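Asker: Chain order of the listed sequences is A and B.
Residue numbering for the first sequence is 10 to 289, as defined by the numbering used here.
Residue numbering for the second sequence is 586 to 1197, as defined by the numbering used here.
Check each hint, because a few of them may be wrong.
What the hints assert, rightly or not - Straight line, CA to CA, 16 angstroms or less: simulated EDC-like cross-link-like pairs of lysine to aspartate or glutamate:
no.	chain 1	residue 1	chain 2	residue 2
1	A	K121	A	E231
2	B	K974	A	D87
3	B	K849	B	E868
4	B	K1176	A	E77
5	B	K974	A	E223
6	A	K84	B	E868
7	B	K1138	A	E77
Simulated from the structure, these hints should not be mistaken for lab results.
Values in this document were obtained by computation on a predicted structure and should not be read as measured data.
Listed below are the residues making up each chain.
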Amino acid sequence: MHPGIIFFLVILGSVLFHIFTPWYWTDVASNWGGMDDTITLTFWIGGGVFIAVCLFMVYCVFKFSYKEERRAEYKPEDKKLEKILTWATTIGVVALLAPGLVIWNNYVNVPKNAIEVDVMAWQWGWQYRLPGKDGKLGTTQVVNINENNPFGINSDDPYGKDDVMIQSDVLNLENNKPVKILLRSVDVLHNWYVPQFRAKMDAVPGIVTYYWFEPNKVGEYEVLCVEYCGVGHYAMRGGVIVQNDQDYKNWLEQQETFSDLIAKQQNTEFDKKKLAKKIN
Amino acid sequence: MSEEFNDNKTVHAQSSETISGGGSGAAPDMDYVRPAEVPEQDLYHGHSFITKWIFCQDAKVIGVQYFLLATFTGIIGLILSWLMRLQLGFPGAAGFMTAEHYYQFVTMHGMIMVVYFLTALFLGGFGNYLIPLMVGARDMVFPYLNMVSFWMFFIAVLVLLSSFFVPGGPTGAGWTLYPPQTILEGTPGSGAGILLMCLSLILFVAGFTMGGLNYLITILQARTRGMTLMRMPLTVWGIFTATVLAMLAFPALLVGALMMSLDKVLGTSFFMPTILKAGEVLEYGGGSPILFQHLFWFFGHPEVYIVALPAFGIVSDLISVHSRKNIFGYRMMVWAIVGIGGLSFFVWAHHMYVSGMNPWFGFFFATTTLIIAVPTAMKVYNWILTLWKGNIRMNTVMLWCLGFIVTFVNGGITGIFLGNVSVDVPLSDTYFVIAHFHMVMGIAPLMVIMGAVYHWFPLVAGKFLDEKLGKWHFWLTFLGAYSIYFPMHYLGFIGVPRRYFEMYDSPYMTSAVGMNEFISTAAFIVGAAQFILIYNIIRTLKIGKPSGHNPWKACSLEWLTPTVPPEHGNWGDRLPVVHRWAYDYSVPGAKEDFIVQTTAPSEVANTDVEKT
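Starting from the given sequences, assemble the full structure and let the hints guide the process.
Answerer: Below you can see the structure in the form of structure tokens.
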């Protein structure tokens, strides 16, 4: 069999695989459908180039196979052809880059009304904090973190008092409301990723990073850590539940704030002191 | 120095000879080649077994040494990949496999293949063997330093492999070695393992610098008479530019490794912020993990081209020789190599779009990254345009070249997905990335290496490798590797993250199980197929058909040595004199379909050859 036939079948197989693949995107559940569209566009342009180049190659292999009596063409350069190809490629590249940059511009500019969520990562798990009625998260420091202050909130920061602390690795979000995810880590790199939302960013110890999205499908989703963080990396999961506004409000009311926690601790300590007095 | 210049008789003798004669009595002016400016180099000729074959100063032997040692580490890398694929395709099949082991294998596989296999093989192996022969030099300009370079590499490999036998084993931090996890508990090999890795990299860089200086200065200063830069084969251009990149990029890796060792041993905080570990605050503070990533990728991205550019150069020459046609658009090819090399220093942070660096950098790095696509695409067009109206020999060498074109274009285009910042967001850290970089800088360069082995084996050993075995080797490797990496992209679309020890409990990922079994099976076959080559080489050395002088009818100098295989000193009594580029194939009017580089213009006066 002529090798060109096998190369042709490889190209054909690739195209058929792409058309009939059962492995493809999960349905997008956020505002980042534009990323999927850019990928589709890149498939059309890039895939077109791949097919064209490979078919040209296969054609040459068939047409110009070695014959003792034939001489190859002698043509060191073709300036005009090279110029045309350079410009055609440049136009293709610009056509791909432009939509990519537009979407990136959206990605880095967070809408003003986005709700901030503090996502704190450690080896190996997640915890979440929401701003309270004042709409602002209190500042934090790693050195403040202890059993009584799981987020390390600075106790002298008034914004921190009413912060909502979620006692679970599942985060509830309100449907169709933009969220700004503020990521931090207390130990190593992590990355909070829900494939259906498409967006991701590393959590880096020492700094706060961010990204935003707007969930638009009610449902439950799995959170994966996608930045390697040691032996427990593959098992570092969490969850997100996207709810309608009423369900979300009900859930939010049940959550504890930082001042609730402090009060509870003071009560326990008070009780302990009373108990100690009684015994003495 | 000046005395040597004045007294040197060889220089005078050679120049006068060429001015007065050279061709077959026709117009001497036409054949004039500028005299040499420096005297010929004195070579150290070893006589004992040790000085001839072990501590040897002949670049060709050093090249073969590099080749063999790089191949040996490559086979270790291959075995590690089998173990990884065993776990991913058939979890639990290898009883001993823990998450620790898995991550150690991932890390060592990556580092070995990129640095100790591909880089060492292209630059140390092909570079040493081919540069002096292709530019018409007797040897590298600093033969002793060249020998030390190989033995530094040897020690670096020993140190690297010794980490398998220390307490805690080799580092399992991923080949990118991102701190803080690299040096913290919770990552395997965070003690001795990572220190040995850093030490080995430092030794490698030091050794490589010795070799690299040799390659650069030999190419710049030791070319034979008439070998202008724009007459050099593209192989030399590719290796030259890659070496320049390596000289500028490896120092970033070296300081990164050094600073990380200090963080580990002395408790400095270059890369270490305040860290809370198991309820305790560690004695680090103020460092930046992202700083390491910048250093790593400032090395890491040019590293991609350190592997790719020699491959580009070599494949250009192979395609040209076996299509019996000059490489199309030679000057464009040279400038594309140089341009890609230059641009490769301005794109590193495309590996870091979602790393937490200032996201505004994304605009800059996406733009520079996609600009690189233009010269790269030009190279692809010129390869296939070289095939156009050629006279293509469909031998094993050509098959590897065609396999390279398919895999490289495939991997290049997935690179446009990942380089285009917002498209990268959903795809980064998934199997799409794994598929992309294995296709473009694993399989594609490997295709070129294999093509080059089949092409130059007749020069190195004087015998042809068996074609039939070669074709089996090619088809199993090409079809197998393609069916590993092409479907793997689609795992990335589902959202399967990389560096997962096991993963298939997520509902939307269960469909990946079958594919992983398939990919693993293909990986076992492709790995095993490589042993066909080893069998072929041993068999050929024993009973292979002698190839004689210039069996492929190539134009470039390396085939024109008086003896095959070339002896120490390469050229016998007299250095060759070059009159043309390395691509005068199928010139109209010429008797044969190739005119070698040493043919004087007066000998082919009645042909339509273009001046080069």
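Asker: None of the hints should be skipped; say for each whether it holds.
Answerer: Right, here's what the structure says about each hint:
Distance restraint check for A/K121 and A/E231: the Cα-Cα separation of roughly 27 angstroms exceeds the 16 angstroms cut-off, and the hinted pair is therefore not satisfied. A C-alpha spacing of about 14 angstroms is found between B/K974 and A/D87, which places the hinted pair at or below 16 angstroms, so the restraint holds. For the hint pairing B/K849 with B/E868, the CA-to-CA distance comes to about 11 angstroms; that is within 16 angstroms, so the pair holds. For the hint pairing B/K1176 with A/E77, the CA-to-CA distance comes to about 14 angstroms; that is within 16 angstroms, so the pair holds.
Only pairs whose Cα atoms come within 16 angstroms are accepted, and B/K974 paired with A/E223 is rejected, the gap being roughly 55 angstroms. Pair hint A/K84 plus B/E868 does not hold up; C-alpha atoms about 68 angstroms apart against a cutoff of 16 angstroms. Distance restraint check for B/K1138 and A/E77: the Cα-Cα separation of roughly 13 angstroms lies within the 16 angstroms cut-off, and the hinted pair is therefore satisfied.
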